[in-house]
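> The residues making up each chain are set out below.
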Amino acid sequence: MQVQAASSSVFLSAAKPVWVSASAPPVVRVNSLYTAKPSSLNSDSNSMATAAPKWAQKTITLPPQRRGCHLITPKILNEIGSDLSEFKCGLAHLFLHHTSASLTINENYDSDVRDDTETFLNKIVPEGRSAPWKHTLEGPDDMPAHIKSSMFGCALTIPITNGKLNMGTWQGIWLCEHRDHPTARKVVVTLNGI
Amino acid sequence: MQVQAASSSVFLSAAKPVWVSASAPPVVRVNSLYTAKPSSLNSDSNSMATAAPKWAQKTITLPPQRRGCHLITPKILNEIGSDLSEFKCGLAHLFLHHTSASLTINENYDSDVRDDTETFLNKIVPEGRSAPWKHTLEGPDDMPAHIKSSMFGCALTIPITNGKLNMGTWQGIWLCEHRDHPTARKVVVTLNGI
Amino acid sequence: MQVQAASSSVFLSAAKPVWVSASAPPVVRVNSLYTAKPSSLNSDSNSMATAAPKWAQKTITLPPQRRGCHLITPKILNEIGSDLSEFKCGLAHLFLHHTSASLTINENYDSDVRDDTETFLNKIVPEGRSAPWKHTLEGPDDMPAHIKSSMFGCALTIPITNGKLNMGTWQGIWLCEHRDHPTARKVVVTLNGI
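Protein sequences, first through last, are from chains A, B and C.
In terms of our numbering, the first sequence opens at residue 1 and continues consecutively.
In terms of our numbering, the second sequence opens at residue 1001 and continues consecutively.
In terms of our numbering, the third sequence opens at residue 2001 and continues consecutively.
This is chain A alone, in the form it adopts within the complex (with noise of 0.2 Å):
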């Protein structure tokens, strides 16, 4: 077992799984995990259950929104959180099926914060008369709306630790819809642990 200085956890060797219980506060739920060998556990078939890596994949669809920056994180959890409660330790991935919105991750708490979000897309990417784009044909938001959707990304990757998206207190998930026309928009979302 190797203690590190800089860190508050345990990080403990492959030969020795252990699973370390939630004893410190929620956001560093669970600091160190391992998964028990399938060799070891042969001998007991409910713990292989338990340690064999599962997948899940679902296609998730939202419902239109206006152009702006949406917290999304209960719309998530209310999907996927039952399913999120079978993994120990895993990555949750989510990835929108568009090229004009995007996902990211940032504060859950003052709606000003996605409001100014909103207002520096727009300041700088520029839109209508003055705006160098040849792409047009879809209308005057259409171009803007592909660049943001490269600068903030379409997917995202989140820890899973003890059945819970392991996210900072402030973190929540955003959905930025950069069209003027509100339109229902597809998530595909793979959970991937033990």
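Hints are computed from structural coordinates only; laboratory data are not their basis.
Only a predicted model underlies this, so the values are computations on that prediction, with no experimental measurement involved.
This list has only true hints and no planted wrong ones.
Derived DSSO-like pairs: lysine-lysine, alpha-carbon spacing no greater than 30 Å straight-line:
id: 1; chain 1: B; residue 1: Lys1164; chain 2: A; residue 2: Lys88
id: 2; chain 1: C; residue 1: Lys2186; chain 2: C; residue 2: Lys2123
id: 3; chain 1: B; residue 1: Lys1088; chain 2: C; residue 2: Lys2088
id: 4; chain 1: C; residue 1: Lys2134; chain 2: B; residue 2: Lys1123
id: 5; chain 1: C; residue 1: Lys2123; chain 2: C; residue 2: Lys2134
Please arrange chains B and C on chain A, whose structure you already have, making use of the hints.
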């Protein structure tokens, strides 16, 4: 089994592992997957082999391309397509080995979108005499290239569903070359799934 | 076995799981890996243990740093290096628990690149009297910090090959501190592989 109202899909609980076959349109090919648990598969070694987690990793070399944004989905699929077909459900991770180019997902149809994105990047990151950069030894396009690389990022994670990259109809993989001089670029592709 | 023309590597099919040993230069240490299938390993419990998927998760606390971009590869490796060595092939995921700092991958050699990137971020995101933000309660540097966090992102996924992070020669992990007041920052590291 749970049916969630806001979703077009069912998400099956781990208690009853079931493969949902692809009756939906191509974009949403599979809505819900869970690995069969090894414990329930011990009696059938063929099924176990199918459900066992697999990892694949490969370094791809992309040919030199001119400064700008390039659609590389066909090149990537040419390299990994037959390997992807081994995965029912999983994630594909692409990692560019460079700090003056980037990977992003955006529109796959109109090349004007790629040209306009290059226009945007050049507009937002100053280059040449007006630029305030200290790092200029490698040429006027070098420091702007580093900044653009962090703006769009050097890595992508894309869901795999039924042996294919599960992207939206209009999504494609772009390599954005930020240097003036075309250079071959290396991408480490890691596939993980069942 | 397939040999792909545009690539320097071979990508072995799942039918014949083979470990390719590291004869290539360090940057491209392993070109192709596939997990040995459990079904083919049942007769040899030692091999099975080696090939069994492993998960590790740990929360690292990074010491307070001044506003700007900081190379943290050595700090991260100091925390996870011995654990990385347990993985032949996999992915390392780093997730920052904050909304006013970011993680990115960029140049690891010349500190001017980090200074210039900070210059860019301050140039592009207005701060102080000229800024249009509504969210100002936590100081003039707070809203700009949130925006910068979404621009660069709070998470990284890096391939693991032969027990090491498989990054390019010039790539390093940066923590970008966007607040004026230095604060300790938490990073959840999740390792997954074989």
